[in-house]
Amino acid sequence: MGLKLICNVEDWLKQSWIDEALAATGSRAPMDLFQKEKQELHEEDIKAKNSGYLLDAFYYTLIEKQHLSFDLSEIPGMCEGKVHWWITRMVPGQFMPVHRDPRITTKKNIKRYWMPWTDWECGHIFCYEDTVVSGYRKGDLFLMENPDALHGAANIGLTPRITFNCGVEKI
Amino acid sequence: MIFIGNHEDWIKPEWIEYVLSNDGKEMPRWEFEKNGILEAVARGERAEFCEYQKQYEKAGYKYDSLLYYIYENDDLPFDMGLPPFANLQEGQGYYYNLFKYNPGQVLPIHSDNNTSWEKNCRRYWMPWLDYTEGHVFIYESQLMTGYKAGDVFQFPNAFGVHSACNLSMSPRILYQLTIFDIKHD
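Chains as they are written, first to last, in my numbering: chain A, 1 to 171; chain B, 1 to 185.
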């Protein structure tokens, strides 16, 4: 069970979306999620807090539908169903600790996808279980074969990193 | 990374305990202040630092932030001596780097070209703790995984591009040994 490359959908991916995601205000994660949006703490969050991560820090930007002028419901290469998506943006030095996605993976019959919106550069890190993904191109669509797998990300490179994350719930 | 062998026996549990319980020098701030690097770069000196420093600044890294800890002899109440794999020959010198990355700490991509004066340079990398998911060390595009405490790896090229971070829930300690010729043309 790994991270499986399905296809590349760069032709579908509009540069204007990428530009908007680069510029969007979004939510400063995790600080805004718990302070402004009053999100409930999950076990994963408590584990991170107990390890020294700060819940009121700004580790990355979470961008959702309400932050953008477009919505994405039909994405080529993905299965059909109810789409839950979000975008993460990391400027150099930002990161996301290893975690599972309980808000998504507790849903039944979920397929979890990951798609970079920027070409891979040295220092753009996505860890999925014991692997790190490198050499990818923007628009590469990956299936997380185990939707509940431990994963984490960091940008210890020199340019911003944007990824599209998605769970498709079969109804 | 070239696997050399496991030398866990050399690492004393009290060394690990000490590093876990005590912080070393705050990097990169300490190095910048100690060596006056910003001033030197502004004067057009230390060209070996200029390229990365300019890129880091442009990317938004702050030289005075705390990214990770480094330990030198004056930070440690014990003398490690040389590890058994060092095999130092006459005319060779060495130095070590001992790092601690708490969860959330990072080392941006870089190559140690500033040490390119070191001839016939060999660099070894030795984790002091077992690998856990989120302990990231990348050489070129190779992620080191599944290693055990005391495993020793040699950099294929001592000046290769590498980076590190800790996205896990536990600290990460690394020992790095660099051996080079003292006398050369």
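For the record, the hints were derived by calculation from the structure and aren't laboratory data.
Quantities reported herein were computed from a predicted structural model and do not represent experimental measurements.
Be aware that a few hints might be false.
Pairs of lysine-lysine residues, derived as BS3-like cross-links and limited to a Cα-Cα distance of at most 27 Å, are as follows [claimed, not checked]:
| no. | chain 1 | residue 1 | chain 2 | residue 2 |
| --- | --- | --- | --- | --- |
| 1 | B | Lys-58 | A | Lys-49 |
| 2 | A | Lys-49 | A | Lys-38 |
| 3 | A | Lys-47 | B | Lys-148 |
| 4 | A | Lys-47 | A | Lys-14 |
| 5 | A | Lys-108 | A | Lys-82 |
| 6 | A | Lys-49 | B | Lys-62 |
| 7 | B | Lys-25 | A | Lys-138 |
| 8 | A | Lys-4 | A | Lys-38 |
| 9 | A | Lys-108 | A | Lys-38 |
| 10 | A | Lys-82 | A | Lys-14 |
| 11 | A | Lys-4 | A | Lys-14 |
| 12 | A | Lys-170 | A | Lys-111 |
With beta-carbon atoms standing in for the labels, derived distance ranges [said to hold, decoys possible]:
| no. | chain 1 | residue 1 | chain 2 | residue 2 | range |
| --- | --- | --- | --- | --- | --- |
| 13 | B | Tyr-18 | A | Lys-82 | 51 to 57 Å |
| 14 | B | Lys-62 | A | Asn-50 | 24 to 30 Å |
| 15 | B | Glu-8 | A | Asn-50 | 23 to 29 Å |
| 16 | B | Thr-145 | A | Cys-79 | 25 to 31 Å |
| 17 | B | Val-161 | A | Cys-79 | 35 to 41 Å |
| 18 | B | Val-161 | A | Glu-169 | 47 to 53 Å |
Where a beta carbon is used, it is the ideal one built from N, C-alpha and C, also for glycine.
Outcome of the hint check:
1. For the given pair, Lys-58 (chain B) sits about 31 Å from Lys-49 (chain A) by alpha-carbon distance, which is inconsistent with the 27 Å threshold.
2. Taking the CA atoms of Lys-49 (chain A) and Lys-38 (chain A), the gap is near 16 Å; set against the 27 Å cutoff, the hint holds.
3. A distance of roughly 24 Å separates the Cα atoms of Lys-47 (chain A) and Lys-148 (chain B); the hinted pair therefore holds under the 27 Å criterion.
4. As the CA atoms of Lys-47 (chain A) and Lys-14 (chain A) are separated by approximately 37 Å, the hinted pair breaks the 27 Å bound.
5. Of the pairs offered as hints, the one joining Lys-108 (chain A) and Lys-82 (chain A) holds, with about 11 Å between alpha carbons and a cut-off of 27 Å not exceeded.
6. Between Lys-49 (chain A) and Lys-62 (chain B), the direct Cα distance comes to roughly 24 Å. Compliance with the 27 Å bound is thereby established for this hinted pair.
7. For the suggested pair Lys-25 (chain B) and Lys-138 (chain A), the alpha carbons sit about 39 Å apart, so the restraint of at most 27 Å is broken.
8. Proximity of Lys-4 (chain A) to Lys-38 (chain A) is assessed by CA-CA distance (about 34 Å); at most 27 Å being required, the pair is judged violated.
9. About 25 Å separates the Cα atoms of Lys-108 (chain A) and Lys-38 (chain A), which keeps this hinted pair within 27 Å; it holds.
10. Distance check on the hinted pair: Lys-82 (chain A) and Lys-14 (chain A) sit about 22 Å apart at the alpha-carbon level, within 27 Å; holds.
11. Between the alpha carbons of Lys-4 (chain A) and Lys-14 (chain A) the distance comes to roughly 23 Å, so the proposed pair stays at or under 27 Å and holds.
12. Simply put, Lys-170 (chain A) and Lys-111 (chain A) have alpha-carbon atoms about 8 Å apart, close enough for the 27 Å limit, and the pair holds.
13. The hinted window of 51 to 57 Å between Tyr-18 (chain B) and Lys-82 (chain A) holds, with their beta carbons roughly 53 Å apart.
14. Our hint of 24 to 30 Å for Lys-62 (chain B) and Asn-50 (chain A) holds, since their Cβ atoms are close to 27 Å apart.
15. Checking the proposed 23 to 29 Å range against Glu-8 (chain B) and Asn-50 (chain A) shows it holds: the Cβ atoms sit about 28 Å from each other.
16. The supplied range of 25 to 31 Å is met by Thr-145 (chain B) and Cys-79 (chain A), whose beta-carbon atoms lie about 30 Å from each other.
17. Hint check: Val-161 (chain B) to Cys-79 (chain A), Cβ distance near 38 Å, so the stated range 35 to 41 Å holds.
18. Distance hint check: the CB atoms of Val-161 (chain B) and Glu-169 (chain A) are about 41 Å apart, inconsistent with the given range 47 to 53 Å.
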